[in-house]
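Colleague: These are the residues of each chain, in order.
2 protein chains.
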Amino acid sequence: MIQNIVLIGAGNLATQLALALVEKGIQVKQVYSRKLESASELAGKVNARFTNDLSQLVPEADLYIIAVKDSAIQEVLENLKLDESCLIVHTAGSIPMSVLEGFSNNYGVFYPLQTFSKSRKIDFADIPICIEANHPSNLLNLEKLGEKLSGSVNQINSEERKTLHLAAVFANNFVNHFYAVGAEILHDKKLDFDLLKPLIRETAEKIQTMHPFDAQTGPAKRDDQAIMQAQLKMLHNQPEFQKIYSFATESIFQLQQKHKHDLF
Amino acid sequence: MIQNIVLIGAGNLATQLALALVEKGIQVKQVYSRKLESASELAGKVNARFTNDLSQLVPEADLYIIAVKDSAIQEVLENLKLDESCLIVHTAGSIPMSVLEGFSNNYGVFYPLQTFSKSRKIDFADIPICIEANHPSNLLNLEKLGEKLSGSVNQINSEERKTLHLAAVFANNFVNHFYAVGAEILHDKKLDFDLLKPLIRETAEKIQTMHPFDAQTGPAKRDDQAIMQAQLKMLHNQPEFQKIYSFATESIFQLQQKHKHDLF
Numbered sequence: 707m708i709q710n711i712v713l714i715g716a717g718n719l720a721t722q723l724a725l726a727l728v729e730k731g732i733q734v735k736q737v738y739s740r741k742l743e744s745a746s747e748l749a750g751k752v753n754a755r756f757t758n759d760l761s762q763l764v765p766e767a768d769l770y771i772i773a774v775k776d777s778a779i780q781e782v783l784e785n786l787k788l789d790e791s792c793l794i795v796h797t798a799g800s801i802p803m804s805v806l807e808g809f810s811n812n813y814g815v816f817y818p819l820q821t822f823s824k825s826r827k828i829d830f831a832d833i834p835i836c837i838e839a840n841h842p843s844n845l846l847n848l849e850k851l852g853e854k855l856s857g858s859v860n861q862i863n864s865e866e867r868k869t870l871h872l873a874a875v876f877a878n879n880f881v882n883h884f885y886a887v888g889a890e891i892l893h894d895k896k897l898d899f900d901l902l903k904p905l906i907r908e909t910a911e912k913i914q915t916m917h918p919f920d921a922q923t924g925p926a927k928r929d930d931q932a933i934m935q936a937q938l939k940m941l942h943n944q945p946e947f948q949k950i951y952s953f954a955t956e957s958i959f960q961l962q963q964k965h966k967h968d969l970f
Numbered sequence: 707m708i709q710n711i712v713l714i715g716a717g718n719l720a721t722q723l724a725l726a727l728v729e730k731g732i733q734v735k736q737v738y739s740r741k742l743e744s745a746s747e748l749a750g751k752v753n754a755r756f757t758n759d760l761s762q763l764v765p766e767a768d769l770y771i772i773a774v775k776d777s778a779i780q781e782v783l784e785n786l787k788l789d790e791s792c793l794i795v796h797t798a799g800s801i802p803m804s805v806l807e808g809f810s811n812n813y814g815v816f817y818p819l820q821t822f823s824k825s826r827k828i829d830f831a832d833i834p835i836c837i838e839a840n841h842p843s844n845l846l847n848l849e850k851l852g853e854k855l856s857g858s859v860n861q862i863n864s865e866e867r868k869t870l871h872l873a874a875v876f877a878n879n880f881v882n883h884f885y886a887v888g889a890e891i892l893h894d895k896k897l898d899f900d901l902l903k904p905l906i907r908e909t910a911e912k913i914q915t916m917h918p919f920d921a922q923t924g925p926a927k928r929d930d931q932a933i934m935q936a937q938l939k940m941l942h943n944q945p946e947f948q949k950i951y952s953f954a955t956e957s958i959f960q961l962q963q964k965h966k967h968d969l970f
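For the protein sequence lines, the chains are X and U, in the order given. According to this note's numbering, the stretch in the first sequence is residues 707 to 970, in order. According to this note's numbering, the stretch in the second sequence is residues 707 to 970, in order.
Hints were generated in silico from the structure; no laboratory data involved. The reader is advised that the hints may include incorrect statements.
No distinction is drawn between identical chains; accordingly, a pair holds when it is met within one copy or between any pair of copies.
[Stated by the list, open to error] List time: in silico SDA-like cross-link candidates among lysine to any residue, alpha-carbon distance up to 25 Å:
{"id": "1", "residue 1": "K964", "residue 2": "S952"}
{"id": "2", "residue 1": "K751", "residue 2": "M916"}
{"id": "3", "residue 1": "K775", "residue 2": "S952"}
{"id": "4", "residue 1": "K964", "residue 2": "H942"}
{"id": "5", "residue 1": "K751", "residue 2": "E766"}
{"id": "6", "residue 1": "K827", "residue 2": "R740"}
{"id": "7", "residue 1": "K824", "residue 2": "F919"}
{"id": "8", "residue 1": "K730", "residue 2": "R907"}
{"id": "9", "residue 1": "K939", "residue 2": "K949"}
{"id": "10", "residue 1": "K741", "residue 2": "V805"}
{"id": "11", "residue 1": "K775", "residue 2": "E908"}
{"id": "12", "residue 1": "K927", "residue 2": "E781"}
{"id": "13", "residue 1": "K850", "residue 2": "D832"}
{"id": "14", "residue 1": "K895", "residue 2": "Q963"}
Please put together the full structure from these sequences, using the hints given.
Modeller: The following block contains the structure:
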């Protein structure tokens with residue numbers, strides 16, 4: 707059973723995961739970050755030791771969680787000096803479990819499908835935690851750890867996780883960007899972004915019970931050419947937004963057509 | 707003071723608005739729809755008369771609300787046989803108030819900035835209601851009506867309303883489409899869309915207190931070329947999604963650059 711961990715990373719995900727684990731009685735023994743200040747800051751929050759030297763990790767934690775940005779995982783692995791029996795996981799959506807092969811005999815993935823910020827406290831209770839491991843006993847340990855945090859622990863392989871991450875880029879990163887575009891459009895005309903917030907919240911709530919295809923509304927769905935042309939014209943000073951508007955509109959239209967054909 | 711209304715339209719917005727008004731003690735005297743069945747269905751819910759004949763509207767309601775699709779407003783107006791003292795509003799984001807000129811001496815706009823479905827009950831309490839009128843006394847009446855429904859009643863002119871509607875197309879219609887794209891991507895690989903729902907909810911909650919520019923995360927924000935190339939490759943069977951992916955990524959990058967320059 708996993709009772710303590712070492713956290714490699716001190717970014718958004720690492721911070722929220724550490725806070726959540728400590729709340730559930732898991733000890734964070736040590737926090738590593740390339741920047742000593744970041745390691746120290748997070749370590750202070752969870753009463754852990756800290757280091758910026760990978761060769762100085764404490765040797766006998768139940769689990770080592772690599773929660774650094776994707777492009778830094780390889781370098782972290784190459785600098786670990788852990789016993790090969792140590793259980794190591796990474797937390798990345800698009801990185802296969804196999805990158806851990808050869809660095810330990812016990813490894814896996816612990817991927818919470820959520821967006822994290824350092825400053826915004828996250829309740830893990832309904833976050834899907836996607837786990838994968840090289841051995842059933844490791845999987846079981848990760849499952850038990852996941853279940854301490856969340857009611858949704860899912861065995862997901864590396865291919866599936868990549869697909870989830872891709873879908874998440876649309877549903878989170880691109881969606882957030884469209885919030886930002888909305889904010890820009892309002893800001894340019896000195897209108898308050900607060901006016902959009904209830905709409906944004908309801909848009910996200912609606913698809914909790916309704917399929918997004920059925921929830922689609924708006925000029926593109928209605929094929930209201932007059933409004934679409936007028937709105938494109940309003941964006942003439944923002945050719946980037948104009949381009950996105952055209953493509954999103956076209957894409958809505960195509961998806962509607964596709965599903966119309968599905969019905970017959 | 708507005709104590710009763712006639713509702714011209716029986717679609718998503720008309721339905722939710724009628725239900726909300728009745729709950730606040732406003733009488734819906736009559737519902738019109740081009741389709742008698744739709745008029746009858748909504749009228750049944752709010753204990754009103756109904757008709758599919760615009761020349762048969764009851765003559766002395768305090769307010770006539772036109773809540774039909776944008777492209778039908780003109781035709782409705784041309785077929786109204788109301789006294790020119792009647793107060794008439796439309797509920798459309800992108801249609802200027804001036805379309806009502808000449809059809810009555812008292813007119814305005816009553817635009818609730820929200821997404822509506824017939825079947826999903828909406829709480830109006832925090833929905834921004836955007837009002838405009840041709841005369842201060844009409845404005846006051848609309849303001850009082852709005853305040854019965856919502857804590858956020860805003861005087862917004864036709865130009866501003868058009869901008870709000872454009873921003874709403876991004877933050878609602880396009881956002882919902884990206885939920886749908888996420889659902890498609892998962893469906894193709896037999897993964898459950900439910901896995902994305904907590905992420906979608908948190909993405910919308912996050913910007914309630916954080917500016918979306920600051921809330922941006924993901925491969926495009928980090929300029930993680932390896933992930934972006936890999937994800938584009940995963941979409942090779944869906945060239946439409948691939949195109950959207952490229953444009954959204956490029957647009958995130960540009961907005962980040964723009965704001966970076968703002969700081970110096």
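Colleague: The structure should be examined with respect to each hint, and the outcome stated for every one.
Modeller: Status of the hints after comparison with the structure:
Proximity of K964 and S952 under a CA criterion of 25 Å is satisfied in both settings, with 18 Å inside one chain copy and 21 Å between copies. Only between protomers do K751 and M916 lie at most 25 Å apart by alpha-carbon distance; the minimum there is 22 Å, versus 39 Å within a single protomer. When the C-alpha separation of K775 and S952 is checked against a cutoff of 25 Å, the pair qualifies only between copies, where the shortest distance is 21 Å, while the shortest distance within a copy is 33 Å. Taking the shortest alpha-carbon separations for K964 and H942, only the inter-copy value of 17 Å comes in at or below 25 Å, while the best intra-copy value is 30 Å.
Proximity of K751 and E766 under a CA criterion of 25 Å is satisfied intra-copy only: 22 Å inside one chain copy versus 67 Å between copies. Within a single copy, K827 and R740 get their C-alpha atoms as close as 23 Å, which meets the 25 Å cut-off; across copies the closest is 50 Å, which misses it. Taking the closest pair of Cα atoms, K824 and F919 come within 25 Å of each other only across two copies (15 Å); inside a single copy the shortest separation is 33 Å, beyond that limit. Proximity of K730 and R907 under a CA criterion of 25 Å is satisfied inter-copy only: 23 Å between copies versus 29 Å inside one chain copy.
For the homomeric pair K939 and K949, the shortest alpha-carbon distances inside one copy (11 Å) and between copies (22 Å) are both at most 25 Å. Taking the shortest Cα distances, K741 and V805 sit within 25 Å of each other inside one copy (24 Å), while across copies they are farther apart (62 Å). Within a single copy, K775 and E908 get their C-alpha atoms only as close as 32 Å, which misses the 25 Å cut-off; across copies the closest is 21 Å, which meets it. For a Cα distance limit of 25 Å, the shortest separation of K927 from E781 across copies, 21 Å, qualifies, whereas the shortest one inside one copy, 47 Å, does not.
Within a single copy, K850 and D832 get their C-alpha atoms as close as 15 Å, which meets the 25 Å cut-off; across copies the closest is 41 Å, which misses it. With identical chains, the CA atoms of K895 and Q963 are at most 25 Å apart between copies only, with a shortest distance of 21 Å across copies and 35 Å within one.
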